[in-house]
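**Q** Going by the numbering used here, the sequence shown opens with residue 96, and the numbers climb by one from there.
Take these hints with a grain of salt, some might be off.
To be verified - Label pairs and their calculated CB-CB ranges: (1) R248 - R115: 16 to 24 Å; (2) R245 - F191: 13 to 21 Å; (3) H222 - A119: 32 to 40 Å; (4) R245 - T220: 33 to 41 Å; (5) A164 - V227: 22 to 30 Å; (6) E246 - K205: 15 to 23 Å.
It should be emphasised that the hints constitute simulated quantities derived from the structure, not laboratory data.
Fair warning: this is a prediction, and the values are worked out from it, not measured in the lab.
Beta carbons are placed, not taken as given, at the ideal position from N, Cα and C, and that holds for glycine.
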Amino acid sequence: MTISTKKADDPMSRAFDAARAAQARGEAPIGAALVRNGAVLAVAGNRTIADHDPTAHAEILAIRDAARALGSERLVDCDLYVTLEPCAMCAGAISFARIRRLYYAASDPKGGAVESGPRFFQQPTCHHAPEVYDGLRAAESSEMLRAFFRERRG
96 MTISTKKADD PMSRAFDAAR AAQARGEAPI GAALVRNGAV LAVAGNRTIA
146 DHDPTAHAEI LAIRDAARAL GSERLVDCDL YVTLEPCAMC AGAISFARIR
196 RLYYAASDPK GGAVESGPRF FQQPTCHHAP EVYDGLRAAE SSEMLRAFFR
246 ERRG
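Given these sequences and hints, build the entire structure.
**A** Printed below as a string of structure tokens:
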């Protein structure tokens, strides 16, 4: 695993911390941090197994927490940092929440829906598309995921 030289309080580092915590719980190591005006509103890691909930992806959990914190279902002026390219479900939630910018680490050719697969934000039925920035610490995220799944396969 690559050692990060980023400050511990930057949003992507917070997302990676949440991914490592998810991994420690036996979940897929994916984390998310949602930020508004430089303040971190929510940080979450996957909890699909712990919550017995297929929708408990890091992005969804962070969006829910931030929406509660702001008292609004619209997260305008908010930015989401994720360690893996969001799936179609999470891309839909990002669009509905009106998130301003999406930053993600590794691409997910199999399950991603932003630059891979259905390219959700490019569809004519998408009501809102955030600005998208990918590849932030991609190697670190990819290695974390590879190691997790290699260990699970034994």
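**Q** Can you name, in rising order, the numbers of the hints this structure does not satisfy?
**A** Going through the list in order, the structure violates hint 2 alone and respects the others.
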